[in-house]
Amino acid sequence: MRWQVPRTIELEYVGGKVVRFFSHTGAVFILLGQTVVALAEIRKRVGLWFDQMLFVGVRSLPLIVITSVFTGGVSAWQAAYQFKGYIPLRYLGTAVGKAIVIELAPVLTALVVAGRVGAAIAAEIGTMKVTEQVDALEAMGISPVSYLVFPRVAASVVMLPVLTVFADFIAIMGAMAVAVFFVGLPGEIFLNGVKLFFHVSDLMSGLVKAAVFGLIISLVGCYHGLSAEGGAEGVGQSTTRAVVWASVLILVSDYVVATLLFSI
Amino acid sequence: MIEIVDLHKSFGRKRVLDGINLTVREGETAVIIGGSGTGKSVLLKHIIGLLEPDEGSILVDGTDVSSVRGEELYLLRKKFGMVFQSGALFDSLTVVENVGLPLREHTDLKEEEVLEIVREKLALVGLSGVDNQKPAELSGGMRKRVALARALVAEPEVMLYDEPTTGLDPIMADVINELILDLRKRLGNTAVVVTHDMASAFKIADRICMLFKGKIIWDASPEETRDTKDPVVQQFITGTSVGPIQVV
Numbered sequence: 000m001r002w003q004v005p006r007t008i009e010l011e012y013v014g015g016k017v018v019r020f021f022s023h024t025g026a027v028f029i030l031l032g033q034t035v036v037a038l039a040e041i042r043k044r045v046g047l048w049f050d051q052m053l054f055v056g057v058r059s060l061p062l063i064v065i066t067s068v069f070t071g072g073v074s075a076w077q078a079a080y081q082f083k084g085y086i087p088l089r090y091l092g093t094a095v096g097k098a099i100v101i102e103l104a105p106v107l108t109a110l111v112v113a114g115r116v117g118a119a120i121a122a123e124i125g126t127m128k129v130t131e132q133v134d135a136l137e138a139m140g141i142s143p144v145s146y147l148v149f150p151r152v153a154a155s156v157v158m159l160p161v162l163t164v165f166a167d168f169i170a171i172m173g174a175m176a177v178a179v180f181f182v183g184l185p186g187e188i189f190l191n192g193v194k195l196f197f198h199v200s201d202l203m204s205g206l207v208k209a210a211v212f213g214l215i216i217s218l219v220g221c222y223h224g225l226s227a228e229g230g231a232e233g234v235g236q237s238t239t240r241a242v243v244w245a246s247v248l249i250l251v252s253d254y255v256v257a258t259l260l261f262s263i
Numbered sequence: 000m001i002e003i004v005d006l007h008k009s010f011g012r013k014r015v016l017d018g019i020n021l022t023v024r025e026g027e028t029a030v031i032i033g034g035s036g037t038g039k040s041v042l043l044k045h046i047i048g049l050l051e052p053d054e055g056s057i058l059v060d061g062t063d064v065s066s067v068r069g070e071e072l073y074l075l076r077k078k079f080g081m082v083f084q085s086g087a088l089f090d091s092l093t094v095v096e097n098v099g100l101p102l103r104e105h106t107d108l109k110e111e112e113v114l115e116i117v118r119e120k121l122a123l124v125g126l127s128g129v130d131n132q133k134p135a136e137l138s139g140g141m142r143k144r145v146a147l148a149r150a151l152v153a154e155p156e157v158m159l160y161d162e163p164t165t166g167l168d169p170i171m172a173d174v175i176n177e178l179i180l181d182l183r184k185r186l187g188n189t190a191v192v193v194t195h196d197m198a199s200a201f202k203i204a205d206r207i208c209m210l211f212k213g214k215i216i217w218d219a220s221p222e223e224t225r226d227t228k229d230p231v232v233q234q235f236i237t238g239t240s241v242g243p244i245q246v247v
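Taken in order, these protein sequences are the chains called A and B.
So the first sequence is numbered by numbering that gives the first Met the number 0: it starts at 0 and just counts up by one.
So the second sequence is numbered by numbering that gives the first Met the number 0: it starts at 0 and just counts up by one.
Next up, chain A with everything else stripped away, as it sits in the complex (with noise of 0.2 Å):
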C-alpha cells in the first residue's frame, strides 16, 4: 500500500503558505505606503537618489544593448518565417515593431533588470541588515526606508521607462539588420513597416508597464533585503527569493496592465 501523507499536514503546510504569502503580500504594501511618505523628504534624498539611478540606469545599459539586440533579431527572424507564403514581407515591421514596443523591450528590460538590479539590492540591503547596519541607521535616528528603500524605487521607477526606450529603439535596429541581412528585405520597406498603424498610445502603454515593473523590482528587492536573517545563507535566499517573486510578479502584472491598458 502506499504511504500518504496525513491529510491534517496537508492542510497544516498548505495553509501556512497561504498565510506566509498573503502576509508577505501585506507587508510589502506597508513598505509601499511608507516609501510614499518618504517622498516628503525627496530634497535630502537626491544625492542617494541620483547614484541609485546611475547603477539601476546607466549600468544597465550594456546589458540592454547585447539582450535587445538578439530580441529584436530572433523576432524579425522568427516573424519572417511564420510570414513566409501567407503574408507579405513588407509587414514585417509592422509586427515586429508592435510586438517590441507593446511588449518584448518592457517584458524583457524588466526581468534582465530583475536579474541584475533586484539582485543586487536585496543582496546589498541583505547584507546590511545581517551585519546590523540597518540597525545602525535606526539607532541614529535614520529611517531606512528614507535613507535605503526610497532611492533605489525612486531611481527604479524613473530609469526602467528609460531603458525602455532604448531597449525599443535597439531592438528594432536588431530586427532591421536581420530583415535586411538575412531576410532580403530592404531597410526602407522594414521601417515603413514598422511606422504603418504605430502609435504614440503603444509607445506610452510600454512606458507605463516599465514604470510599474521598475516599482515592482526595487520594492520586492529592499522588502526581501530588510527581511534577511541570519547570515550568507539567509542573504542569499532572499536574494534568490527577490528575484523570483519579482521575475513572476513583473509576467503577472504585465497581464493586469495590458488588460488596463488596452480594451479588446
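Wrong hints could be hidden among the right ones.
Pairs of lysine to any residue, SDA-like flavour, derived with a Cα cap of 25 Å [stated by the list, open to error]:
hint, chain 1, residue 1, chain 2, residue 2
1, A, Lys43, B, Arg118
2, B, Lys109, A, Trp48
3, A, Lys43, A, Ser142
4, A, Lys43, B, Ile244
5, A, Lys43, B, Leu92
6, B, Lys77, A, Leu38
7, B, Lys13, A, Gly15
8, B, Lys77, A, Glu40
9, B, Lys133, A, Trp48
10, B, Lys109, A, Phe49
11, A, Lys194, A, Phe69
To be clear, the hints were calculated from the coordinates, so they are not data collected in a lab.
Fit chain B to the supplied structure of chain A, relying on the hints for placement.
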C-alpha cells in the same frame, strides 16, 4: 535616567529576558556582564527601541521607549550613541562619510563644519590619515574606533556600548577602555556597557550588573563585585568552567 521595569522577551520558545529591573542614573556607567547568549545585546537593543518587549517598559527620561513610534522614536534615538559589537560601519561609505552621517542627517551644518567635527572626533579616538578609506580596508581595532567616533559625533546624552573590546588585543582593548573613560570625563554622559571582558568591566564601571538566566542577579560596585562570595558571579569573574554556570 534609564529605568527598565519588569522587562520580558522571548524568541519563539526561548525566554531570553525574564523580568529585568534596572535603573541607570544620569552620568553613571553601568556595565552589564554575563555569558555569551544570555541576552545582554538584546537588553541593549530594547533600550534604544530596536526590539520591542513582550512585557514591561523602558523609560528614558520618563518616556516609555516601547510606546513611541515613527518620528517620535527617531527623535528619542538622537539622545543615544550606540557602538555595535561588529562596528556596523556602512561598507559603501568612507570613514569620513560614516562618522559624519549623523551630522549630515540631523543638522544643517555646512560640509566644512561637518568635516572639522569628524576630524576632531577621529583624533579623539586616535585615528588620522584614514579619512577616505572604506571599512573593509581597516583593522578590527580601527573599525571599533571609527564606530566609537561615529557614535559620539553628535555628542549624545547616553552611550550604549555592545562588547566594545571583544576581538581586540589587550593593548587595543585598554585603548578603548581609556577612550570610554575619557569621553565620560569630557562629556559627562550616561553609559551602558555590555561586556564579558572583566578587565574592561572593572576599569570603566561605576556599577557592575550580572545577567544570568534572564534576570539581573547581581548589582554592585566594582569593588564589591571583585570581593563577592556569590558563586555565580565569582565563577564568571574568575572564568572557571566548574561551578553553578553550566557551559553545556
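Hints, one by one, checked against the model:
no. : hint                 : verdict
1   : A/Lys43 <-> B/Arg118 : 23 Å, holds
2   : B/Lys109 <-> A/Trp48 : 21 Å, holds
3   : A/Lys43 <-> A/Ser142 : 12 Å, holds
4   : A/Lys43 <-> B/Ile244 : 51 Å, violated
5   : A/Lys43 <-> B/Leu92  : 17 Å, holds
6   : B/Lys77 <-> A/Leu38  : 22 Å, holds
7   : B/Lys13 <-> A/Gly15  : 22 Å, holds
8   : B/Lys77 <-> A/Glu40  : 18 Å, holds
9   : B/Lys133 <-> A/Trp48 : 21 Å, holds
10  : B/Lys109 <-> A/Phe49 : 21 Å, holds
11  : A/Lys194 <-> A/Phe69 : 21 Å, holds
This entry does not satisfy hint 4, going by the numbered hints stated previously; all others are met.
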